[in-house]
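Residue numbers (the numbering used here), protein chains in the order written: chain A, 466 to 580; chain B, 41 to 153.
Keep in mind that the hints were calculated from the coordinates and are not lab data.
Each residue gets a CB set at the ideal place from its N, CA and C atoms; glycine is no exception.
Do not take every clue at face value.
Said to hold, decoys possible - Just the calculated beta-carbon pair ranges, DEER-fashion:
1. A:S507 to B:T60: 21 to 27 Å
2. A:E517 to B:K53: 24 to 30 Å
3. B:G98 to A:A537: 24 to 30 Å
4. B:G43 to A:E526: 15 to 21 Å
5. B:Q81 to A:E517: 25 to 31 Å
6. A:G550 to B:P135: 27 to 33 Å
7. B:P48 to A:E526: 39 to 45 Å
8. B:G98 to A:P474: 40 to 46 Å
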Amino acid sequence: AQTVTQSQPEMSVQEAETVTLSCTYDTSESDYYLFWYKQPPSRQMILVIRQEAYKQQNATENRFSVNFQKAAKSFSLKISDSQLGDAAMYFCALGPYNQGGKLIFGQGTELSVKP
Amino acid sequence: KAGVTQTPRYLIKTRGQQVTLSCSPISGHRSVSWYQQTPGQGLQFLFEYFSETQRNKGNFPGRFSGRQFSNSRSEMNVSTLELGDSALYLCASSPASTVETQYFGPGTRLLVL
Numbered sequence: 466a467q468t469v470t471q472s473q474p475e476m477s478v479q480e481a482e483t484v485t486l487s488c489t490y491d492t493s494e495s496d497y498y499l500f501w502y503k504q505p506p507s508r509q510m511i512l513v514i515r516q517e518a519y520k521q522q523n524a525t526e527n528r529f530s531v532n533f534q535k536a537a538k539s540f541s542l543k544i545s546d547s548q549l550g551d552a553a554m555y556f557c558a559l560g561p562y563n564q565g566g567k568l569i570f571g572q573g574t575e576l577s578v579k580p
Numbered sequence: 041k042a043g044v045t046q047t048p049r050y051l052i053k054t055r056g057q058q059v060t061l062s063c064s065p066i067s068g069h070r071s072v073s074w075y076q077q078t079p080g081q082g083l084q085f086l087f088e089y090f091s092e093t094q095r096n097k098g099n100f101p102g103r104f105s106g107r108q109f110s111n112s113r114s115e116m117n118v119s120t121l122e123l124g125d126s127a128l129y130l131c132a133s134s135p136a137s138t139v140e141t142q143y144f145g146p147g148t149r150l151l152v153l
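Model the full assembly from the supplied sequences, consistent with the hints where possible.
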């Protein structure tokens, strides 16, 4: 079975500070994508960052970066210089190559940003 | 390009009724995936359609079905609604049958009374 686990239901960060959200996953597949999605109160799912499992280099998108540890099956998201607009539910997701458009999501981490 | 659209945005039904939700993908996208989001179960994959064929199916009862039309628009149908079907239903479109470039719609919120 393929699973994604986010062990932090809630996190809080001070504006302009850095926060790291944790994610672990389990799959027997060798080729897969990993994602972090953001879901603000509007409920629209927004892609934050994507990592292909065969790439050793950690993905970075502006203030967002990941720490991908393939052997440990760990995929954490670091948000630097946190902004009020970063407050949202964050979901980690696994997408095996051979399963088309199927994503397996974690339970989510609710991030609040304090001014 | 216009994004993924879902209609209706909100829906109230009673137990035993059936419901049809619609998803229009981004122009040129041929794959549509459907997800159910509930507070208890989180986000769960329902099924994916690509070029009018169901490619993948999640672990949902047969009351949940879908289809895709030649213009890539997709519908999902839930028959004999149960209270537990109350959820946010999200669809996502992609150019191909892959999660690499999957874009989500705003969702349809279904309430079953």
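* What are the numbers of the hints that this structure violates, sorted from low to high? -> 2, 7, 8
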